[in-house]
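S.K.: For reference, the chains in residue letters:
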Amino acid sequence: NAGVTQTPKFQVLKTGQSMTLQCAQDMNHEYMSWYRQDPGMGLRLIHYSVGAGITDQGEVPNGYNVSRSTTEDFPLRLLSAAPSQTSVYFCASSHPPNLEQYFGPGTRLTVT
Amino acid sequence: SQQGEEDPQALSIQEGENATMNCSYKTSINNLQWYRQNSGRGLVHLILIRSNEREKHSGRLRVTLDTSKKSSSLLITASRAADTASYFCATDSGAGSYQLTFGKGTKLSVIP
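Quick note, the sequences are listed as chains A and B, same order. Going by the numbering used here, the first sequence opens with residue 54, and the numbers climb by one from there. Going by the numbering used here, the second sequence opens with residue 650, and the numbers climb by one from there.
Note that these hints are calculated values from the structure, not bench results. Where is the CB? At the ideal position from N, CA and C, for every residue including glycine. Check the hints yourself; a few may be wrong.
Only pairs whose alpha carbons sit at most 27 Å apart, straight line, appear in this in silico DSSO-like list of lysine-lysine [what the hints assert, rightly or not]:
no.	chain 1	residue 1	chain 2	residue 2
1	B	Lys719	A	Lys62
2	A	Lys62	B	Lys718
3	B	Lys719	B	Lys705
4	B	Lys756	B	Lys705
5	B	Lys718	B	Lys675
6	B	Lys753	B	Lys719
Rough simulated footprint, nothing fancy, chain B against chain A, three-plus residues with beta-carbon under 8 Å [stated by the list, open to error]:
no.	stretch
7	68–80
8	83–97
9	115–127
10	156–162
Chain A on its own, in the form it takes in the complex (with noise of 0.2 Å):
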């Protein structure tokens, strides 16, 4: 089992620029989420999902997009880069959705 998987590993975009985040999980979990984390925040939640086709906002969900098509994938979009964007991503998937999360090595996300 490979686990939660995230990629790119680091990426720098320009101010407006769209990328799409790319969280996949081979563990059959349900439920997948997003954390952003910030120096000094901790972790937080962006947008869950708890099966595929259904999708939720969490804590700060502004600029993102997710969908869930599949089971094993949960892609966060970011619509148009700010710096304020600049953070590490995290992506988690359980089953159930509130026991062990699982979580992918992150995504270091530079916006100049």
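Chain A is already provided as a structure; the job is to place chain B on it using the hints.
M.R.: Just chain B now, kept in the frame of chain A:
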């Protein structure tokens, strides 16, 4: 908003000593979890304690939960240099919640 808040923000101890970290939260919960994050890596689940449990052990880890005070503590006994990491508590928001909220973390340094 932060549900869980860890205390202290940073802790430095000698190898072999015990390390205690605390977490306070605001609303009723189903369970509370502790995670470890090594520098530059994703979070790793350590232990989960349910709201009807008062104490739980896993190897050198001991977690307590006091729901009347809305607080939890994580004790690492006989610490090792490899325990150097940041430690986070995570809570749900009670029945029907699919969202986990993480605190800002305690940065533990174990000096060999």
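S.K.: What hints, given by number in increasing order, does this structure fail?
M.R.: 1, 2, 7, 9
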